[in-house]
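Student: Protein sequence lines correspond, in order, to chains U and V.
So for the first sequence, my numbering puts the first residue at 98; every next one is plus one.
So for the second sequence, my numbering puts the first residue at 158; every next one is plus one.
Treat the hints with caution; some may be incorrect.
In the DMTMM-like style, the derived pairs of lysine to aspartate or glutamate whose C-alpha atoms are separated by at most 20 Å in a straight line are [stated by the list, open to error]: (1) V:K211 x U:E199; (2) V:K162 x U:D183; (3) V:K194 x U:E165; (4) V:K194 x U:D183; (5) V:K195 x U:E141; (6) V:K195 x U:E150; (7) U:K154 x U:E98; (8) U:K139 x V:E199.
No lab work stands behind these hints: they were computed from the structure.
Only a predicted model underlies this, so the values are computations on that prediction, with no experimental measurement involved.
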Amino acid sequence: EPEVTQTPSHQVTQMGQEVILRCVPISNHLYFYWYRQILGQKVEFLVSFYNNEISEKSEIFDDQFSVERPDGSNFTLKIRSTKLEDSAMYFCASSELVGAQETQYFGPGTRLLVL
Amino acid sequence: DQQVKQNSPSLSVQEGRISILNCDYTNSMFDYFLWYKKYPAEGPTFLISISSIKDKNEDGRFTVFLNKSAKHLSLHIVPSQPGDSAVYFCAASAGNTGKLIFGQGTTLQVKP
Chain U
98 EPEVTQTPSH QVTQMGQEVI LRCVPISNHL YFYWYRQILG QKVEFLVSFY
148 NNEISEKSEI FDDQFSVERP DGSNFTLKIR STKLEDSAMY FCASSELVGA
198 QETQYFGPGT RLLVL
Chain V
158 DQQVKQNSPS LSVQEGRISI LNCDYTNSMF DYFLWYKKYP AEGPTFLISI
208 SSIKDKNEDG RFTVFLNKSA KHLSLHIVPS QPGDSAVYFC AASAGNTGKL
258 IFGQGTTLQV KP
C-alpha cells in the first residue's frame with residue numbers, strides 16, 4: 098500500500114540553525130501539507146501546497162518557514178532560523194485532490210528538537 | 158482554536174465491548190469529518206470519514222455517526238480489541254480548503 102515517507106525521523110539542532118525536513122508524498126497525489134504537533138498539544142495545520150504554490154497557510158507559518166517541491170517526488174519544509182518553540186513532531190500529508198471527501202494520508206513524522 | 162473538541166482525554170473499555178469516542182465542533186461550515194488513529198512515535202493513520210450529507214458511515218468494526226444539529230460526531234468500535242489501544246483524533250475540514258482542524262485526541266485503552 099502506498100504511503101507517505103519522511104526523513105529524518107529525528108533531528109536535533111541548535112537554536113538559530115536552519116533545518117530541512119523531507120517528505121515523499123504518495124505518488125499520484127497532487128496536494129501536500131505540513132502539520133505539527135507540539136508535545137501535549139493538538140495537531141496543527143501549517144501549510145498546504147498545490148501546483149508549486151502555497152494554497153493556504155496558518156499564522157504559525159511565518160517568514161521563517163518555507164516549502165518547496167524541488168523535484169517530482171520530494172516535498173520539503175525549511176525552517177530558516179530555528180527557535181526553541183519550533184520543537185515538535187512535524188507531519189507531512191498528501192491527498193489526491195482537495196476539498197470535501199478527500200482524505201489526507203500522513204507520514205510517520207519527524208521529531209525536531211531545538212536546543 | 159477550539160473549533161473541534163474531544164472532551165474525554167481517555168477511555169478504558171474491556172475487550173469485546175463497544176468503544177464510543179466523541180467529538181464536538183462549533184464551525185457549521187465543516188462539511189467533512191475524519192477519524193485518525195495514532196500510535197506513539199507514528200503519524201496519524203486514517204480510519205474512517207463522513208461527509209456532512211450523511212449521518213452514518215460504517216467500515217467493518219468502525220462506525221461514525223454525525224449529528225449536524227448537535228454539531229457532534231462519534232466513533233463506535235465494535236467489538237473493541239487490544240490492538241485498538243491508541244490515541245484517536247477527530248478532524249474536520251470546510252469547503253475546498255484542505256486544512257484539517259484536529260481535536261485534542263482521546264486515548265483509548267482496551268483491556269484484555
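Student: Are the hints correct? Go through all of them and say.
Tutor: Evaluated hints:
no.	hint	in the structure
1	V:K211 x U:E199	holds (15 Å)
2	V:K162 x U:D183	violated (24 Å)
3	V:K194 x U:E165	violated (28 Å)
4	V:K194 x U:D183	violated (24 Å)
5	V:K195 x U:E141	holds (15 Å)
6	V:K195 x U:E150	violated (29 Å)
7	U:K154 x U:E98	violated (29 Å)
8	U:K139 x V:E199	holds (15 Å)
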